[in-house]
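Participant: Chain by chain, the residues:
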Amino acid sequence: MSHWIELNIGPVHPATHGIYRFRVKLNEETVEDVDITIGYLHRNAEKICELNYFVNNTIYFDRMDYIDAMNMELGYLRAVETLMDMEVPERAQWIRMIMAELSRIAARMVGIGALGLDVGMLTPFFHTFHEREKIQNIFVEASGGRQEVNYMSIGGVYQDFNDTIINEIKEFIAGFKGKLEEIVKMFTDSEIFWQRNVGTGVLEPDIALDYGVTGPMLRASGIPYDVRKDSPYLYYDKVNFDVPIAKSKDNMGRFLVKVEELRQSVRIIEQCLAKLPEGPYFNPKAKKSAMLLLKGQGDVFTRVESESGEFGVFIRGDGNVKPYRVHARSPSFKNLAVVPIMAKGSLIADLIITIASVDAVAGEVDR
Amino acid sequence: MKTGDMGVKTTTLEKALEWGRSNSLWPLTMGLACCAIEMMATQAADVDVARFGSEIFRNSPRQSDLMIVAGTTTKRMAPRVKRIYEEMPYPKYVIAMGVCVIQGGPYVDGYSVVLGVDRVIPVDVYVPGCPPSPQALTYGLITLQKKIRNETDR
Amino acid sequence: MYKILSEETDKSGMKVLNIDKSDLVELMEDYKNRRYYLSSITGVDMKDHIDVIYHIHNFDKNDYLCVKVSTSDEKVPSITKLWKAAIVDEREQYDLMGIVFEGHENLRRILLPDEWVGHPLRKDYDLNKVQYISMDRDGNEHVSFDDKEGW
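Chains as they are written, first to last, in the numbering used here: chain U, 1 to 367; chain H, 1 to 154; chain Z, 1 to 151.
The reader is advised that the hints may include incorrect statements.
As the list claims (entries may be wrong) - Quick list of in silico lysine to aspartate or glutamate cross-link-like pairs, EDC-like style, CA-CA up to 20 angstroms:
id, chain 1, residue 1, chain 2, residue 2
1, Z, 68, Z, 20
2, Z, 81, U, 206
3, Z, 68, Z, 102
4, U, 344, U, 87
5, H, 82, Z, 138
6, U, 247, Z, 20
7, U, 179, H, 46
8, Z, 148, H, 86
9, Z, 61, U, 242
10, Z, 84, U, 35
11, H, 82, Z, 136
The hints are simulated quantities; they were obtained by calculation from the structure and are not laboratory data. Please read all numbers here as calculations on a predicted model, not as lab measurements.
Chain U extracted, bound-state conformation (with noise of 0.2 angstroms):
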C-alpha cells in the first residue's frame, strides 16, 4: 500500500538557495517525481540589454550570478570585445585573470557554507563568510563595489591595481590557504556530512551531458572539460593547474571537486601575482569620453568558465551602438533542469541536499 502526497516547497524556503517552486511526488519518504517551476525572478535583462549601449550592459550581467559577478562581467566583455575587435592590454588581462579567480573563490565560499546549513551544520557558514568579506574589501579597494562591482570595461578594467590591493591580495591568499583546510576539516571530520552526501544525487556522465550539464557537476561526473583548460581565454594556457574529477558521481564527489578548484584557484593568483607585468591597464582606443561610440557588427558567441559551469554569450550587432539581441547560455539554467532525474528515488532529506549541491543561483536561471 502507497501513500500519495504531493509536497510544495518553495518559492520563498531557506532550502532552495533562490526562488524556484518543487512540487514533489511523494511515495512515503520517497520521491516520485520532481516538477520545477522557475521564472520567479525573471528580469528581462536580455530585453534590457537590447536598449542600452553595449558599455552599460555590464552591471546586467554583474546581476545574473550574483554571486561571482566577476566571471558574468568578463563573458560579457570577451564577447563584445570581439565583436569590436577590441584589443585588451597584457597588465589588463592579468588583472582580470586575478579577479575572476578571486570571485570564483567567494562564489564557492557562499555556495559551500549554504551546503553546511542545509546539512544543519551552521559553524563553517561564519567561517566562510569571514573570507568573502575579505574578498569583497579587496573588491571594495579595487572597485568600488562589494558584490556587483562592475570592475571591467570595454578594453580593459576600470582602475589599475595599486600596491594596496596586491598587499591586500597577497595577505588574503597567505591566510586563506591554512582557513580553507580549516574550513573542509570541519565538513569532512562529521559523520553526518559524509552519510547524508555519499551516495546521494548521482548523476551518470552520459545524462549529465544529454542535459547539458557543465561545470563542477559534469567533472564530479567524471569528465574533465572546463572552459579554462579546453579553450583558453585570457592567459590561462601561461598558468599551472589541474582540473579535478571525481568519479563517485554522487554529492560528495561534488563537493571535494569544488573544494579542489579552490585550491587550485588560489595556485593560479599566485602565479598570477608573479607574472603580473607593468603597462597599461586600458586599450586607448576604448578611452572614456569615446565608450558610448562604440559600434560591433556580426554574430559573436564566446565563453567563460563561471562558479556553476559553462557561461556563454551570444551577440548579434548590426553595426549599431546598441547590441541587436543578446542571449546568455546560463549555466545553472541546464544544471537544475537534471535535479528531477538525480532525485527520484531518493528520500526527500537527499532531495535537499541534491539542490544545494547543484549551486543554481537563481538570478542565473531567470536572468
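Dock chains H and Z against the given chain U, drawing on the hints supplied.
Facilitator: Relative to the frame of chain U, chains H and Z by itself:
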C-alpha cells in the same frame, strides 16, 4: 522614561512594550535576489546583526515580525510577497532593501519588474543601494527600532 | 541526405553552417552520432523572419559548431528527441521569442505565466502596455492589463 530618586525607572506600559518590541525583532528571510547574499552577510560574523537583537532569522512568516524584502520583486513574485506579508502576525514591519525593491532599480525599463514593493505592501524603512552594504542594512534596522520606540508619541 | 546552403566563419572563429529548416533534424542526428551535444539555442527576431541559432559542442575534440536556420512562419522542427537539453531551451525560446518547435511534447511558457500576452523579445513587443499578474487562493496566476487586478 524618567529616573526617580531611588534609581527606579518609571515609564508607561506602552513605552516598555515598544522598547521590548524594538530590541527583539525577528526578521523573515525574504531573500529574492542579489541582496539576499548581503542579508546573509549581515547575519554572519563580520557585521553581526545579533548585536541589535535580531539575530534569529525565521523562515516561517508566523514566527516573525519584520520582513526584509531583499532583492528584485518581479510581477510574478509580488502576489506571493503579499500573501506572506498577510500571514505575518501583528505588529509587523517591512524594510525595503535595495533600489530594485524601492523603485525598480536598473530594471525599470523592463516588463516584468514591480516598480517598488510599496505598491504591494506598506514599507516602513527604505535602504537604498545596489546591493546595500551590511552596514547600510544595519543602519536601516536601527532606524526602524527608533521608529518603533516613538510609535505612541505620534 | 541534408544539404548545407553555405558555410562561413563568425567573428569568434567558429564554423557556421546555414541550412534549411527541413534538414535540421537530419543534420543534428548526424552530428549527434559524432558525439556532439547541444549547448544553447538562440532565437533572433529579424522583423521579416526569425533566425534560430543552435550551438553544438563535441567534448572529445573540443569543437564548437554553430548551425543556423531561418524561418518565416515561426515554426521549426523540435530536436528534443535527440538531446534532453533542448527541452528547457526550446521552452525558453518559445516563451520569450514565440518560436513554435513542432514535435515538442510540453511546449509551455517557462519564465512567464501561461496567460502572458505576447513574446517579449520580439522587436514589435510593446513595452508600454503594462501587464499585471494576480494570484488566486490555489496559487494559479492570472494576467490582466488592468492595474486594479494586479497583485
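Participant: If any of the earlier hints don't hold here, list their numbers in rising order.
Facilitator: Hints 4, 6 contradicted; others consistent.
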